[in-house]
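Asks: Residue numbers (our numbering), protein chains in the order written: chain F, -13 to 306; chain X, 485 to 762; chain S, 485 to 762; chain L, 2 to 252; chain B, 2 to 252.
By construction, these hints were calculated from the structure, which means they are not laboratory data.
Honestly, I wouldn't trust all of these hints.
To be verified - Label pairs and their computed distance ranges (CB to CB):
1) Lys296(F) <-> Leu526(S): 41 to 51 Å
2) Val532(S) <-> Gly168(F): 26 to 36 Å
3) Gly73(B) <-> Val735(S): 47 to 57 Å
Beta carbons are placed, not taken as given, at the ideal position from N, Cα and C, and that holds for glycine.
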Amino acid sequence: APAAAPDATAPQLRLGYFANLTHAPAIVGVEDGAFQKALGSTALQTSVFNAGPAATEALLSGAVDATFIGPGPTTNAYVQSKAITVIAGTAANGAALVVKPGITTPAQLKGRRLSTPQLANTQDIALRYWLKQQGLATTPTGAGDVSIAPQSNGDTVNAFKQGQIDGAWVPEPYASQLVAAGGKVLVDEKTLWPGGRFVTTDLAVSTKYLEQYPGTVTDLLEGLIAAEGEVNGDPAAAQRTVNGAIGKITGTPLPEDLLKTAWSNVEFTVDPIAGSLKEGAEHAKDVGLLTGDVDLAGLYDLEPLNALLKQAGKPEVSAS
Amino acid sequence: MTALPRLGADGATRPLRLLAAMRRRVLPPLLAVVLALAVWQLLVVLEVRPAYVLPAPATVFAQLGVLIGDPAFLAAVGRTLLRGLSGFAIALVIGTALGLAVARSRFVRSAIGSLLTGLQTMPSIAWFPLAILLFQQTEGAILFVVVLGAAPSIANGLIGGVDEVPPPLMRTARSLGGRGFSLVLRVILPAALPAYLAGLKQGWAFAWRSLLAGELLVIIANAASLGQMLSFYRELSNAPSLYATMIVILVIGMVVDQVFARVTNGVRERRGLSALRN
Amino acid sequence: MTALPRLGADGATRPLRLLAAMRRRVLPPLLAVVLALAVWQLLVVLEVRPAYVLPAPATVFAQLGVLIGDPAFLAAVGRTLLRGLSGFAIALVIGTALGLAVARSRFVRSAIGSLLTGLQTMPSIAWFPLAILLFQQTEGAILFVVVLGAAPSIANGLIGGVDEVPPPLMRTARSLGGRGFSLVLRVILPAALPAYLAGLKQGWAFAWRSLLAGELLVIIANAASLGQMLSFYRELSNAPSLYATMIVILVIGMVVDQVFARVTNGVRERRGLSALRN
Amino acid sequence: MSVLTTVSPVRIAGVGRTFGGATGTIALEHVDLTVEQGEFVCLLGASGCGKSTLLAMVAGLDEPTTGTIDLGGRRTAVMFQDANLFPWLTVGGNIELALRFSGVSKADWKRRTAELLDVVRLPGAERRRPHELSGGMRQRVALARSLAQDAEVLLMDEPFAALDAITRDALHGEIERIAGERGLTVLFVTHNVREAVRLGDRVIVMKPSPGRIVREERVPLPRPRRMEDPEVARRAGLLHDELDVQAGGAR
Amino acid sequence: MSVLTTVSPVRIAGVGRTFGGATGTIALEHVDLTVEQGEFVCLLGASGCGKSTLLAMVAGLDEPTTGTIDLGGRRTAVMFQDANLFPWLTVGGNIELALRFSGVSKADWKRRTAELLDVVRLPGAERRRPHELSGGMRQRVALARSLAQDAEVLLMDEPFAALDAITRDALHGEIERIAGERGLTVLFVTHNVREAVRLGDRVIVMKPSPGRIVREERVPLPRPRRMEDPEVARRAGLLHDELDVQAGGAR
Ligand SMILES: Nc1ncnc2c1ncn2[C@@H]1O[C@H](COP(=O)(O)OP(=O)(O)OP(=O)(O)O)[C@@H](O)[C@H]1O
Ligand SMILES: Nc1ncnc2c1ncn2[C@@H]1O[C@H](COP(=O)(O)OP(=O)(O)OP(=O)(O)O)[C@@H](O)[C@H]1O
Ligand SMILES: [Mg+2]
Ligand SMILES: [Mg+2]
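This is chain F alone, in the form it adopts within the complex:
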């Protein structure tokens, strides 16, 4: 494709995100105007998604130009289309295997019933891979040494409280909710990763948009860096903003102490921790939830981000 001028800007940017804790920088950036400020004359138009598939569908079919999204859907979308590019990270960590108090070793999980948010999503893959490493077999259809029953996070919390499941591998704030319901953290996912970090949310743009309007993308990144700064600089204020937005969108804000606990388990960073996404894809292949040739070579383009980081005198991030 003929490269556009490095500062070419678009008349508008359509941006998607979720009303989730792990999308806090996106929410803050939208609510406090960090994105719009950075974008200048480019009109910002936002869409809120409920789950990964809708966000992917929107990005691939050109209904949004960029979206905050989890690593699982990112990988799927890239494998299918090769038409998206991850330009930054947003959040890391914040997922754990929480189990009934009696269970203290992996071996005790044999014959138990665990939940994940959705078949083949990030946590589902993490759980299956981890179990495999512990010598416990699983199948996508729920059979094996450990039975995995994917269900919606809300149902998981209820099922755990009623003792219908023995544990669940879930993201925040549900992990904290399970702990509050008497669960014990058996595995904090970050301990499994090199450096103790793994990506939870990243920012993906349509490759076409990136090629056409590199200037706007840079503006967007600038806004993201500013929003991350706000989130990390004044967590209390950020929590208020995020909870306000969640309350407005979902009808119920999260309980404040729960939000606080969950928040402390998540790290907000622009580092996409590319290694963890790529290894996650390998894990998915390993447990049979991803098939075929998984080539993620062209997924990242971190040059614009690194340029901005360099300008700001911050450490650069790596695409491997």
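Starting from the known structure of chain F, arrange chains X, S, L and B with the ligands on it as the hints suggest.
Replies: Below, chains X, S, L and B with the ligands alone, put in the same frame as chain F:
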């Protein structure tokens, strides 16, 4: 003799009649509600399930009060209703046109007759990718899903109705010189009306369900909707709000049913179909 | 004179009739399919949307071939069909009983008549928490959602049918001494049959949609299902498989429609309702 | 009338029927009529004078607005003005349904159905469908169906209106025979004055707006009678003139 | 018949109609009938001999299995054996629908409807609903509806079967008058032999199994005639005997 007061069904005096009407129309649903609440409360008292999954009626109704007092909730209900009505209106036009085409033309019937039911059995979730593909992030995507859910029902109702028009009436209409559009408008549609209305009612149910599912597709910030709230309450394990929202949906459904029942009863009465009941 | 060969509709010779039947029954749907494929291919050729969201028909049909050749996929389809049929069977019994109760008793009608439609408009997602609450993660939870979707439709169809039974026929039946269950079985149900069948068709559509949504609810050991695959493919942004699965669902829906159409046509023919068409 | 023996099977006293509330149509006003056991009573009267309404009330299918109708719990069979065959059943099925509802044992259905179809001159029509029949054939099936019932009081609303003269004459004989054999009490509505005289022990003349009984006429002629009998014709002529006078008065 | 002037309005040639394929019921076999302009032809025949079937084919609502029916594009109006009123319309609405389909301008509907209801002796019944009418009233509304049509050929299937003698006599006069005024060609099915002689320029006698024409009889009596005229009665008696002989032969 005609001036004498008459006894019997037609002759009861006004206040008596009102009381009788009360007994017939208000008492039974009231009893049903009371019974349902009693069973519910009993389950709660017996602690069959913990309160966070099965809250007490009082809790739910308190929450219902809070929700109804919340302008944001009312706005959400209003938004969803508006979407439902506009989607239904579009489905009405498309479904009626399709239904007439299938009912009246053998060719169209064998071409797409079964397709209608096929489309109808397709779950909303399957349409989502296509809806976003076609309509991007607009209300259009939601309406698309709603229309695809409702139009086949409406069409099928109309087709059924037209197929059941008694042949003697059709012969009579044709012998009177009825042709083309005039025949359709003056004879076929009125004759098919009861089944058509039944189709509309089913269509509304499909539209409404598709809508509540479709509202999860694109969440428009600052524009909460009923479908969205429903799934969020579920996600957040907010049982009182979830049940309160279900009650709202139930009541809306029942009100709509009453509207349909009124129309249908009017139609039946005018045709002398309600003459002999029990 | 009766021995002479006759012309006209009844008199065509066998091979000719076969050809005519082909022309009437095979050609139109074929044309419809070809047209749909042509439009689709055109959109692909024009590259209206990239291939990874709107794959070419050839890609999708190739994938369809792969899926159909995969025993696991066939097993999933079989499992879903089985669930659909059993859920529908339960809904049939419950819906029919409810429908009769409402149609025959004024009290029951005003107590729960509107509730049926209210329940029908409740989206499956609202039932999920309750289903899990009552049935845990078992087939029961899926069937619960399916039955709640389909039974009101079946009941409403039956109610509509009973309400439309011509009063003269009811009077005749009663004057013949028809009472109670015998009257219901021998007169009311047959008279209401066409509307009842229409209700069953709608009920199937509701059951099937609820099922495909409900299958995401409960993942049962070693039991892949169509609903699960549908969302799985969507999850993986696997457009060819998604569209191929949609085609499978569409075809199943159309086959079911054909079954209903056969039954309905048989009923209509026996009653002389098909005498005058076009 | 008869005061000595058993109570009369049909006692209609002060019956009125108004449709559609106090301001509606007065179909019948103060009708008194007693029919004796085994009596054949014919009702004559202008179109819309309330004959069908009266029959429906005697059959218990409608309630009088005023007055009482007492049959002492006797079973009725009705043949309506319209055939009202059940379209989902064959001709045989329609008759068998009446037999079933009357508690006739299943073993006898075939035979009884065949017999009844013979009576109405439709032998072998069991397997035909209502929509394949001519108007007169449908009416005869309805007649067979009403005769299939095990009733003591037979109510017939213009049963022979759609029949040609020859078939009708034959059925006159049949109905007379069956009523005699079974000891039926018959209330028979017709527009044909000669038919009324041909069949009735008594002819009741009604008048419309509001519907009421204006005349009763015993027919003491010996049976069997024929429509062509000069005495039948003479009495019919008198009744016809009577009706004519009334009509002139009413219009 | 007439060869000089215009072509006859109804020409039925070699018409047969079989229901239900080659092995089905033969309703009509080889029927030939020509009706002249302005002629009033009555069809008589046993129940099930194919009268209604023939009328439906003349009206273009059914197709003969063999033979041809040619009306030279003339418009027909049909009054069916059953009233077939549209239940969702009032009495007035039913008649107005016929006026609408006949292209009568809306301004005239009210007046024409009132006139027609007067003709059938139901003045002021516009706003009543079909299910509120008695059988004879429904039939009269159907008659008014068929007269509302702007037709050249009038086909009537037992239009007066459900009417009392007085009303029927009045309507005989009306139908005769209207047919004369409009120059209508009428094909009139009846079971009443006297009625046929009273109304017809020609009476056609049919015979069943299979349905066919067995006799034609001109009625050269001067008009107006009355049912009670001795000459009408005499001719009717002859025809009745003729039918009787046939019936004896057929059964
Ligand atoms: N359901 C109804 N609602 C209103 N009016 C009715 C109803 N049924 C009958 N009527 C009126 O009652 C009167 C008597 O009707 P009915 O059918 O008894 O007459 P009939 O003597 O049987 O007449 P016909 O000889 O024409 O059959 C008529 O004026 C009719 O319009
Ligand atoms: N749709 C049909 N299918 C099969 N047979 C039919 C059909 N319509 C009419 N017939 C048969 O054709 C014959 C003639 O019927 P048609 O209605 O013309 O008789 P009709 O002369 O009008 O008798 P009626 O005086 O009783 O009205 C009858 O034997 C009838 O059973
Ligand atoms: Mg009557
Ligand atoms: Mg006939």
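Asks: Taking 47 to 57 Å as the stated bounds, is the beta-carbon spacing between Gly73(B) and Val735(S) within them?
Replies: 52 Å, holds
Asks: Between the beta carbons of Val532(S) and Gly168(F), is the distance compatible with 26 to 36 Å?
Replies: 54 Å, violated
Asks: Given the hint of 41 to 51 Å, check if Lys296(F) and Leu526(S) actually sit that far apart at their C-beta atoms.
Replies: For Leu526(S) against Lys296(F), whose Cβ atoms are near 49 Å apart, the range 41 to 51 Å holds.
Violated hint for the displayed structure: number 2, the only one.
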